[in-house]
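**Student:** Residue strings, one per chain:
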Amino acid sequence: MKGPDIVSLNVEVPVPAPGEDLTPRPLLEVSGLTVSYPSATGPVEIVSGFDLTVARGERVALVGESGSGKSVTARALLRLDHRASVSGQVRLDGTDLLALDDREMRAQRGRRIGLMLQDPMTTLNPVRSIGSQVMESLRVHGVGKTEARKRAVETLDRLGIPDAERRMRAYPHEFSGGMRQRVCLAMAIVAHPDLLIADEPTTALDVRVQEQVLSLIDSLVTELGMGVVLITHDLGLVAGFADRVAVMYAGRGVECGPVGELYRSPRHPYTSGLLASVPRVDRDGALAPIAGSPAQPTSRPGGCAFHPRCARAEADCTEDRPDPRRIGTADVACHHPLVLAGEGNR
Amino acid sequence: MAPSLLARYLARRLALLVTTLWGVVTIVFLLIKAIPGDEAQAAAGVTATPEQVEVVRQRLGLDESVLQQYVNYLGRLLHGDLGTSIFTFQPVLGDLQQLIPYTVELVGLAMVINLTCGVPLGVWAAARHRTRTDNSVRLAAIFCGALPTFWLAMIAQTLIGRKLGLVPISGVSTLGVETPRRTGFLTIDSLLAGDLTAFSDALAHLVLPAAVLAIPFMSFVIRVVRGSMITALEADHVTAARAKGARERTVLLQHGLRNAIAPVSTLVGLQVGWMMGGAVMVETVFSRPGFGSYLTQAVAQQDTFAVIGMVLVVGVIVTFVGLAVDLVQLAADPRVRLLETRRASA
Amino acid sequence: MTTAAAAHAVPRVRRTRRRVPWLDRIAYGTVVVLLALAVLGPLLTPHDPYSVDLAKALQAPSGEHLLGTDGLGRDVLSRALAGARASILGALMAVAGAALIGILVASIATIGGRWVDDIVMRFCDITLSLPVMVMALGVAVALGPSLRSAVIAMVVAWWPGFARIARAEMRTVITSPYVEAARVLGASRWRLMLRHVLPNSLDGVYVQATLEIGGATLIMAGLSFVGAGAQPPSAEWGAMVETGSRYLTSAWWISVVPGLLITITALAFALSGDSLRNRNHPDATLA
Chain A
1 MKGPDIVSLN VEVPVPAPGE DLTPRPLLEV SGLTVSYPSA TGPVEIVSGF
51 DLTVARGERV ALVGESGSGK SVTARALLRL DHRASVSGQV RLDGTDLLAL
101 DDREMRAQRG RRIGLMLQDP MTTLNPVRSI GSQVMESLRV HGVGKTEARK
151 RAVETLDRLG IPDAERRMRA YPHEFSGGMR QRVCLAMAIV AHPDLLIADE
201 PTTALDVRVQ EQVLSLIDSL VTELGMGVVL ITHDLGLVAG FADRVAVMYA
251 GRGVECGPVG ELYRSPRHPY TSGLLASVPR VDRDGALAPI AGSPAQPTSR
301 PGGCAFHPRC ARAEADCTED RPDPRRIGTA DVACHHPLVL AGEGNR
Chain B
1 MAPSLLARYL ARRLALLVTT LWGVVTIVFL LIKAIPGDEA QAAAGVTATP
51 EQVEVVRQRL GLDESVLQQY VNYLGRLLHG DLGTSIFTFQ PVLGDLQQLI
101 PYTVELVGLA MVINLTCGVP LGVWAAARHR TRTDNSVRLA AIFCGALPTF
151 WLAMIAQTLI GRKLGLVPIS GVSTLGVETP RRTGFLTIDS LLAGDLTAFS
201 DALAHLVLPA AVLAIPFMSF VIRVVRGSMI TALEADHVTA ARAKGARERT
251 VLLQHGLRNA IAPVSTLVGL QVGWMMGGAV MVETVFSRPG FGSYLTQAVA
301 QQDTFAVIGM VLVVGVIVTF VGLAVDLVQL AADPRVRLLE TRRASA
Chain C
1 MTTAAAAHAV PRVRRTRRRV PWLDRIAYGT VVVLLALAVL GPLLTPHDPY
51 SVDLAKALQA PSGEHLLGTD GLGRDVLSRA LAGARASILG ALMAVAGAAL
101 IGILVASIAT IGGRWVDDIV MRFCDITLSL PVMVMALGVA VALGPSLRSA
151 VIAMVVAWWP GFARIARAEM RTVITSPYVE AARVLGASRW RLMLRHVLPN
201 SLDGVYVQAT LEIGGATLIM AGLSFVGAGA QPPSAEWGAM VETGSRYLTS
251 AWWISVVPGL LITITALAFA LSGDSLRNRN HPDATLA
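If you're matching them up, the sequences are chains A, B and C in order. Residue numbers for the first sequence follow the working numbering, so the first one is 1 and each next one is one higher. Residue numbers for the second sequence follow the working numbering, so the first one is 1 and each next one is one higher. Residue numbers for the third sequence follow the working numbering, so the first one is 1 and each next one is one higher.
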């Protein structure tokens, strides 16, 4: 690997003392996150009571269809949209992010949590040089110009931008899509945040470049000991990358568990439907799309939001909103989950 | 942009400048030819005898073919001959050299007021998009654009000048305040002479007319800054900048206003010319010598050549301002650079 | 693939008529009143707007003369009403003329191919860069100052703006699939232009025209004010402001009344045009 090793520069990876509880303390704890936006007809709830935990060094994929509220969740964690009203609890390393004032929150952004967006064409400001935009991530947190420049060049170099020193002066339009997304990744991680939120970071790229970018994120996580939340609608992408998967539907988490089990034996009918609609090489048979269309935030059905499209729905699904409960290794919010023979439905 | 491409761009731009100037001259020539009645009679004056008219006709070459006249006209212009005023019997260019500094001072200060008020208001409205503030600023801008300049000038002159006595009501300097002339600009000459009394006197005469002239133009600046800022602020790079932890001020200026330089500078370039049009009314009301009041007098006295010369001068000034604007955009906006590079290498 | 299909699933767009804000209603209403005044104004005058009576000069607003009298004893209200025709119809004619010529030129540029297009648009740019006021003064002095010259001057100075807008829209329309289909079916260029392109590319021109009527009123009045438009004694708002300028401290109403009318007219048309544009393109933010 070329370029200086970032780990050796200034990141302390916590090493558990002998005898200490080895289950890592979660880096990010989200519970009951609720986000609503004002509209002409009153506030609309986009995310309603979402839970998520991410440990240091853990890769969590947040999966859902468009409109399920996953991008809104990402922005709410950083409190980026002042029009949104956010409630619930968001703890980063013990700090309650929702309790911070604006100035304190600003200090968290970029330095503690990095955000990477979907479209590298628009994530970079067309009228400013690459270098100034990467350096900005450090400069806004009080890093001096020389130091910021040095670290920006190192990071771009580490991310495989050839001739990084010279290309600092280049403008976004002089870069290809893949290179631009590397620059976006550099902007997100140059300040060495503890947590990286990547919102569909590969959707706008072609398949070959997708893999390169993902494997870069992958190796950085290992090097820097970051936690990652990868937001995507592409289940195929998740299989090779994530440790855990959280599935979102209509603003709620429906199932969250380790990637292997979730793929082998999905518990929630929605997860199972999603998996059945993805082409896989290890299975034969026709693809089965989920009937119906996703619930719109303005007209979400009562009870379990998925019930109008669910084959397993019964009377209680239309009335009670199911809360997540532990089934095997996963947390599932469903009254009638898919259970394996021998497992009891508590 | 590479040096050779820059050279090619400049060559292309200068060629455009020449064609534009030629276009302006041709339009003006067509204007002269469209005048009904005998041009020689007009040039010689109403009291001229038929013999005198014939002399003028031959001197001006009006007995030749229209095409030959066009060629002669171009030739005279190349020698700086804009024609002779039939009223002052002075060459138009000479009259103009004495008067234009007054107008440049007026338009210059008006432009400063225009931008120092208009740009921040536009930025403010865009930052508060879809709020009451935004709407009020937008409506105020529309209102400013609906005020007739000449009427506003009269009202301001009466209320602020006559009733309140805050500033002098007319002219460019108080009788008895003498400034040795070097550049022709009263403000600059008084400063050069180290005469602060004369300087503040000149400024006092200048400030009200300039403010009045600026108001309708502010209307456009506010709306264009607001519009292009709103577009810029919707872009992902703004979200990215906030996610880096940038202050709102940095976001507005570095990722909003900076991206709006191109449309705003285009507008400002056009406004220089329009302001010279507005100066016609403002100078008339405030009895200031200058391009505008000379033009009004010339219109009143049917001094055709003086008017036509003025139109030509404004055309030339506007053309050169256009060149300056293009160069500013080339320096400030890499997207423009890219476009021009493509054109130059095509 | 549910996920991908869902990613492209577009929520059904419900076309609702958005409520017209109260300010826009007032603007539309004012425009209607102003247009009515332009037609009927001269018939509604309580006094003869041209009858001079020096004995009654400079009277303040009273029961007999609601808005007072001017320096020659003429009734200001009557002159303001009579002046609506010159000021508003003048502006309307100037804008209509400029829009027509602009559309015609844009059509020629669109049909004529690249060279014609380049030359025509270059010419438009040059004319546009000359300030309307100065251009109009040039034309007005060439034709002799009168209301008619002022209208012609405005047309000469303003058609390029309309030509640019119309051309931009025509470019978009002419490359659209349904025009392409008509072309494939063998429609001639002129037929394409008249039946398909022209009717579908005029929305922007209409909106621009509404916006510009306000500006045209301002410039027409300005031209009269500096003596290049309507000549005394004709009742025209700009000229009336000019006549009153001498009496601003003693008889303010002579100038203030026509000045306010000009402002109201410009404002009403500007707000209406703005509102029309917002309804056409709800997300258009550029002024």
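No wet-lab data here; the hints were simulated from the structure. Backbone N, C-alpha and C define an ideal beta-carbon position, used for all residues, glycine too. Hints should not be assumed to be uniformly reliable.
Stated by the list, open to error - Chain B is faced by these chain C residues, among others (derived, beta-carbon under 7 Å):
#, residue
1, S107
2, I108
3, P131
4, A228
Stated by the list, open to error - According to the in silico footprint, chain A covers these stretches of chain B (three or more CB under 8 Å from chain A):
#, stretch
5, 98-109
6, 229-243
7, 246-254
8, 258-265
**Student:** All hints, please: hold or fail.
**Tutor:** Hints versus structure:
1. S107: violated (22 Å)
2. I108: violated (18 Å)
3. P131: holds (3 Å)
4. A228: Holds, because the Cβ-Cβ distance from A228(C) to chain B comes to roughly 5 Å (cut-off 7 Å).
5. 98-109: violated (count 0)
6. 229-243: holds (count 8)
7. 246-254: Since three or more residues must qualify, the claim that chain A covers the stretch 246-254 of chain B holds, with 4 doing so at under 8 Å.
8. 258-265: Held - the stretch 258-265 of chain B has 3 residues with a Cβ nearer than 8 Å to chain A, which meets the minimum of three.
Comparing the model with each numbered hint stated earlier shows that hints 1, 2 and 5 do not hold.
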